[in-house]
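K.L.:
With the hints as your guide, set chains Z and W onto chain U.
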Amino acid sequence: MTARRLLFGGDYNPEQWDEDTWREDIRLMQEARVTTVTLGVFAWGFLEVDDDVWEWDWFDHVIGMLSHAGIGIALATPTAAPPTWLHRRHPEIIPVDRQGVRFHQGGRLGWCASHPVWHGYSTRVARRLGERYGRHPAVEMWHVGNEFGGGNRHCYCEESSTAFRAWLRARYGTIDALNRAWGTAVWGLRYRDFDDVIAPLASESGQSPSLLLAFDRFSSDALLAQYRRERGTLRDAGVRTPITTNLMLTVGGSVADYVDWVPELDVVAIDHYTQAADPHRERELAFVASRARGLDRSKPWLLMEHAPSAVNWQSRNRPKEPGEMTRHSIQHIAHGSDGALFFQWRASPSGVEQYHSGLVPHAGTRTRQWGEVVALGGILERISETAGSLVTPSAVAVVADIPAKWAWEEGQKPLNGYPLERAGRRWHEALAARGLVPDVVSPTADLSGYRLLVVPGMYAVDDDAADRIAGAAAAGATIVVGHLSGIVDAENRVRTGGYPGAFRTLLGVFGEELHPLLDGERMALASGAVAADWAERLRAVDADVIDTYRGGPLDGLPAVTRRRVGAGSAWYISADLDAGLGDLVDAVVADAGVRADVPVVPGVEAVRRERDGATWLFLVNHGGTDATVDATGVELVHGQEVRTSLTVAAGGVAVIRETAAAAR
Amino acid sequence: MTARRLLFGGDYNPEQWDEDTWREDIRLMQEARVTTVTLGVFAWGFLEVDDDVWEWDWFDHVIGMLSHAGIGIALATPTAAPPTWLHRRHPEIIPVDRQGVRFHQGGRLGWCASHPVWHGYSTRVARRLGERYGRHPAVEMWHVGNEFGGGNRHCYCEESSTAFRAWLRARYGTIDALNRAWGTAVWGLRYRDFDDVIAPLASESGQSPSLLLAFDRFSSDALLAQYRRERGTLRDAGVRTPITTNLMLTVGGSVADYVDWVPELDVVAIDHYTQAADPHRERELAFVASRARGLDRSKPWLLMEHAPSAVNWQSRNRPKEPGEMTRHSIQHIAHGSDGALFFQWRASPSGVEQYHSGLVPHAGTRTRQWGEVVALGGILERISETAGSLVTPSAVAVVADIPAKWAWEEGQKPLNGYPLERAGRRWHEALAARGLVPDVVSPTADLSGYRLLVVPGMYAVDDDAADRIAGAAAAGATIVVGHLSGIVDAENRVRTGGYPGAFRTLLGVFGEELHPLLDGERMALASGAVAADWAERLRAVDADVIDTYRGGPLDGLPAVTRRRVGAGSAWYISADLDAGLGDLVDAVVADAGVRADVPVVPGVEAVRRERDGATWLFLVNHGGTDATVDATGVELVHGQEVRTSLTVAAGGVAVIRETAAAAR
Amino acid sequence: MTARRLLFGGDYNPEQWDEDTWREDIRLMQEARVTTVTLGVFAWGFLEVDDDVWEWDWFDHVIGMLSHAGIGIALATPTAAPPTWLHRRHPEIIPVDRQGVRFHQGGRLGWCASHPVWHGYSTRVARRLGERYGRHPAVEMWHVGNEFGGGNRHCYCEESSTAFRAWLRARYGTIDALNRAWGTAVWGLRYRDFDDVIAPLASESGQSPSLLLAFDRFSSDALLAQYRRERGTLRDAGVRTPITTNLMLTVGGSVADYVDWVPELDVVAIDHYTQAADPHRERELAFVASRARGLDRSKPWLLMEHAPSAVNWQSRNRPKEPGEMTRHSIQHIAHGSDGALFFQWRASPSGVEQYHSGLVPHAGTRTRQWGEVVALGGILERISETAGSLVTPSAVAVVADIPAKWAWEEGQKPLNGYPLERAGRRWHEALAARGLVPDVVSPTADLSGYRLLVVPGMYAVDDDAADRIAGAAAAGATIVVGHLSGIVDAENRVRTGGYPGAFRTLLGVFGEELHPLLDGERMALASGAVAADWAERLRAVDADVIDTYRGGPLDGLPAVTRRRVGAGSAWYISADLDAGLGDLVDAVVADAGVRADVPVVPGVEAVRRERDGATWLFLVNHGGTDATVDATGVELVHGQEVRTSLTVAAGGVAVIRETAAAAR
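Taken in sequence, the protein lines are chains U, Z and W. Take the first sequence: its position 545, counted from the start at 1, is 545 in the UniProt record's numbering, and no numbers get skipped. Take the second sequence: its position 112, counted from the start at 1, is 112 in the UniProt record's numbering, and no numbers get skipped. Take the third sequence: its position 208, counted from the start at 1, is 208 in the UniProt record's numbering, and no numbers get skipped.
Excised from the complex, chain U in its bound form (with noise of 0.2 Å):
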């Protein structure tokens, strides 16, 4: 076996810190086993000082300093925070809400994407960058910008909607195409021409959820040109090493489309942050770690930034217990990670994130969480092994996408404040609690190796994507389709003819009315189970019916479907049951054929990585007492030989490189 590294580190912002502290985070990077730290992130002020005036000197020698110790530097392009010399200078490149009033300098992402005074400033600094760095030997991976969106999701300015007429051009053609689109007759909005469309600015009353929806693809587009922008520069500007950024993907995250954001990316890596008041934030960690292996299945992706310990952005940033920040970061690298970086090396006394915690603390390394720290460091290097290697192949996923999220959330709904991606994380709980390990996955992968293909909460979906979906269960899988799918088309337009217009087909349903729930009000089923929030009039044209609606106005009507399709079968479950779920999911599971993945023990989070015949499991404990799992091969985080089972202490992770035999 080749050496191999996982990643560990942080991003590192040298220019907030004096000399003395640099050699004190090197020494103490060194003692933690640091490999990597992301560098220049926020630098842009301290490299460009005036307008193209550079100070190179202290940068040169940070980036010396860690060369030198052996740290590999992921090299940012400082966008993510235009400095205030630049504002000043230019203001008209700071976003405009939707109002249309223009915010001030002193943020963090002050930039509109389509303004050609931003490009102008930002890739001339992406250059010089990639020109002065782009070979140097300690410069393992370049980070465009940071957190594309977060601040900047949307722009209303006339640049932008210059922009945007140009993007619905080149999607629509004609503007006779665009309005039947979006419907424009409604309202008698009708367009003449492209000039007459702007950016979505606030009316009087709503606005079309065609147009929102339209301006929310062109904003992540925006987005995306603006990330190829810098790494086309880059490229240019001589850099070879790897070049990605970190996508914002949690189970609620929206801010631009990742899926299209892939091909650009060598590497996917992503940011993760829990909710503190999330009481099962593991599962919900689980999902987006499942989410970010399924943008792209061929090879491990990367956290690039979680945190130690708090964030400051929440309501109440509850500190991670002890043992969590370990188990989070295994966590992630079992689901295909090749590392666990964090956000921040060390904490800011100062700014906005004051109180994000860092791998230093502010109390210094006199803490319980350096200690954890540096035992994480000794973890990932014991555990360095299963770099490279890829999750076993699941033949579950659940399918997830963002821009039906973005149709959901745009314009006036039945259900409005509705989370639409609960059912998803409900699924994927369910799965893994069998001992399967779902991929998440969006609606254009590859779905051909799945046996149980789940599209809960799809609202909005293209007849391609249906269609693909569809035959995936005609060639042999088993397809749940959840209330909220298919029932709008790409332009956020309600498929006709009964709901849900895209799978109805497939479903052998015909749904005459939604039917939302009040706050509060419950709906039984015939099987015991109970729906809250959502519901639907439906008949079961081709199909079985599996459970019906007991009482109120949909009394006997179906509720769960299933539809023998080909080889394989579509259900449809036409209620939010959310908690509910149980025994529908057995019965799924047993339809499809499929069976555990990994050793069912409770509290046991477990998953399988292998590369060339090798096999690890990993283990993840996060009850509150010790559990016992059937495993034969080597544990590598205490180093011990396991001969048929091996005790996970409460909290505790292991990694198991399997006897040959014992995988699957």
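Careful: at least some of the hints might be erroneous.
Have a look at the derived ranges for each label pair, beta carbon to beta carbon [unchecked claim]:
#1 W/24 to Z/92: 37 to 43 Å
#2 U/116 to Z/282: 58 to 64 Å
#3 U/313 to W/433: 35 to 41 Å
#4 U/194 to Z/131: 45 to 51 Å
Stretch-level coverage of chain Z by chain U, calculated; a stretch enters the list once three of its residues show a Cβ under 8 Å from a Cβ in chain U [unchecked claim]:
#5 108-116
#6 316-328
None of these hints come from the bench; they were simulated from the model. Positions of the beta carbon are idealized from the N, C-alpha and C atoms, including for glycine.
P.N.:
What follows is chains Z and W alone, placed relative to chain U:
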């Protein structure tokens, strides 16, 4: 009996559909026995496709098809939604918000009622329509604009300020009179001349309640002036058929003071939408329908819009229950509407209202909903003889007033966010439960026919209205003044010298101090009734004490009083008793000596209409069980003779042409 | 004993009334024994009726009437509300909000403290008033403006940015010093020179907590500068009587840092309004009154405004209970106010404050309220000998600081929306319940006289203050530092190296990590106390552990510690124990060796004032039952001798001139 009909149909927007759909629409309208469609509400951009460029052919064609099919047309001036080209050319017509920031294109009512440019464009399109279709035989009615003020109630642009000043000059004559009326000496905000006044754009602190109320009145008048401008244009262009517009009348609705609009309407027409979360929405409907009737008791009114099922603009848009559309339609007709029109004919897949239900739903005609539509068309045909009749005059009325609500909602109040209109609805419900069919009338209505007049939450009242109410008591009526009545005058100025200033003498009481209660606080009365939200420190000067407060700071003081006034009496209820009105209602009903107008059967709403000696008893069973009502005559919905009583099925409706002796 | 008096009266706005009312007012003032009215607060527009056009006659007349009636005048510069003509001529003086949008005319404090045009107009009117009335014998005091910052605390206009930059230059000297102090390297937001800085107008993301805090300090200073500008103008114009303004002091109030204002005030004057929904608003009042006293312990202060009954600006403006106005007035005087003035003399029927109560209510004088007003006037006359006395010095103080609150509220915090001031109020209550009369003082006060010093929620603290607190401990005091103290420095920068940085050495502890708790989360302590909202991962380095956390992630770690420090001791309470402070208070009181200052009788608040050897014991019975207090002397309110004890009626008040031996 001459050929009569009740109108049935709704808004029809052919510009959203192709010609094949038009043909299907006509066929379906005939299947459902549709009599009337409202055409052109949002068609402006399809008629005037650019500035003074007109396309009439398609509209001629649609009108011809409808005419040929025998379907009547309510033709709209399309001013509810200016076309995009107009906003692009003249963004200055779009309303400005309180901060002084102008809205943008893309919505619905994007116009300022005071803007001269708007006046020009809106009257030109009205004139062209009037000239072209003013004498078309299928155009049976004209529908000016749509939901005036539903989005553009207030505009704070400079043209609005200019028009506001002109309005103030007309109302007050001199600036001294205005200064006195508003009490501008408070905070030293006296105006030197009218030119000092601007629209109440946001200041860094609160603003004068008198200024705010005046701006509400002005804004209502500005909308009315726009209505009159279009109506006058139509008449000038040769229109001879009735002209109206759809008033947004609900319990809490208050975009304009519709009492002033009635003289300009050839028929009172309203829109009414229930709140899905209101478990007794049928009672709110009855209140509103009684209010529509009260606006002009001399002739039937018209329900211009209600929803076939769900709407799109509430938080949770639960659909109507099976049968509910029918019950609501019959309720409105029972209360005096000569028909039941809907928004909208065919549900749109696009636009802001894509989830507003239609008579033809997204799922098409193979649906429960379409079945109920067709059945309803049949019912309306079978009860068509009731058209033109009036609700039997009632001896009981509840007084309601929109400017009183404005006065309460503008400025800082003893109890903020409190629903002033709640008490009126509660009284209406309580009286209806006793077999009465109360009118809901404005204080300017002719009050002479009422024996019992309830005046709840008439917060602002001018001297004339107060005198007329007192006069009704002197003439023998029982007057019940509720809390929060008569506190301020028409200028939103507190009437000093003891609350409730306008009614103090009539009631024989002296209110020392208003006494709002804290959230969750309750105050008991000696009778066992319980006050929440509101009480008052009261003395009985010349009145009998009916009930007193018990415990707390008002212990032993009067809560409810009665004063003998000439042949009548005047009650005062100083506390908010909300749900606990029971015994009090019985007492005032007894005091007034009024008897039930209709049979009292729990769950069944009964209303009688009459014409030329004939009477019809409408019965709507809102309950979950069948109910039997004493009656004699012929039931028209199911076509059966009624000898002594009729059983109305749970959720069902009935209309009995009564045998002469049976009525009253 | 020389003739003394306690001030009684309130804001008088004759410009709102006619001359007949003036005469009635004077008569009623005399009936109520009013000593003092504040005149002219909102009279600008009636004195300067247009730019430099003056009308003095009416004002001369009113002043003459008051003078003739022997009623003293606190004459206001009328700058609280610029006249409409000034806003029309110079809208540029109106504040601009954070988005950069200017407000409009029609409110109250519509001026930017940094605007040169405002400076010109405001000083001209002050000079004219000073010249005309500066030596008028009835004008006993001057009242500059009104509630500075109550609406115009922050202005973000360009003149404000300019003034902010000048202020920054003066504070920091060099831009490098500012960059270091604020840590602008975070997000690379370094300024090249002061011209790069603007007011913290909204950005698309958060902004530096140091910038925001600096702007709060600047804004406070800009208001103070305006106060000084007007005060200096008055002095230059010949005013020789005391000059002050009414500070908006409440527990949570924080529009300006009043500690800096005290040197400019000839007497500390405050406004105080209770929250109707606070069931223990009398305790909040005691805290605030103690704070007013703490601002300048060398002389009595003055309650310039409180409410006769209801206010108009809360959600539910419940009136005061019978007797409450009297109790509140006596409470303030007990705590050192030389009088009880009210907003306002006569309730206005108009304007924003139309529902703010007056001494003469809307209902007039045949009211319970007026009776209590007259009675209160009599009481104040009977206890007038207490004027000029001081509250007996206390050995106990609670430290409070407005900039510490700003620092906590600006920026993203571990626990957002948390009321930092709550702990201080709880300690004040708990100490008062033990017969102590704690001062509330700023950290810059002379701390040498206190044996027990409670430092709760002193989130931001500079080195000097921290040193002075440590010095008090070394000199023998017991110091109790509460959670969320000493975390950041005066620049809102976290003090690194272990929490709570400023007090770590004094306390002998090392805080590893701040540990906010989730909503609803509780954490038990070994003693049985229970923490909510806040805890801390703490180690005792050089301190005794008094209490520990039990269970959860902090199990077994110290929660409360004590360190012996020279002759004193320093306690640390790392958790929010809120209502459960009980045993801890007893322990620290015992540790400090302080004894009750006043008799302890449940429900009765007791405070002692003294002068020249005489002492007066004020007793306020907040309870619902009569209470007996041990005392000897003469009770002045009812005029009775007190031999050994006095029974104070439920809800009643008493003031005992004590027999010499009885005091202390």
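K.L.:
Now tell me, hint by hint, if it's right for this structure.
P.N.:
Right, here's what the structure says about each hint:
With their beta carbons about 52 Å apart, residue 24 of chain W and residue 92 of chain Z fall outside the hinted range of 37 to 43 Å. Separated by about 60 Å at the C-beta atoms, residue 116 of chain U and residue 282 of chain Z satisfy the suggested range of 58 to 64 Å. Restraint check, residue 313 of chain U to residue 433 of chain W: a C-beta distance of roughly 40 Å satisfies the suggested window 35 to 41 Å. Our hint of 45 to 51 Å for residue 194 of chain U and residue 131 of chain Z is violated, since their Cβ atoms are close to 34 Å apart.
With a threshold of 8 Å between beta carbons, the proposed coverage of the region 108-116 of chain Z by chain U holds, since 3 of its residues qualify and at least three are required. Figure legend: the region 316-328 of chain Z, annotated as covered by chain U; annotation consistent (6 residues with Cβ-Cβ distances under 8 Å, at least 3 required).
Figure legend: structure checked against the earlier numbered hints; hints not met, in rising order: 1, 4.
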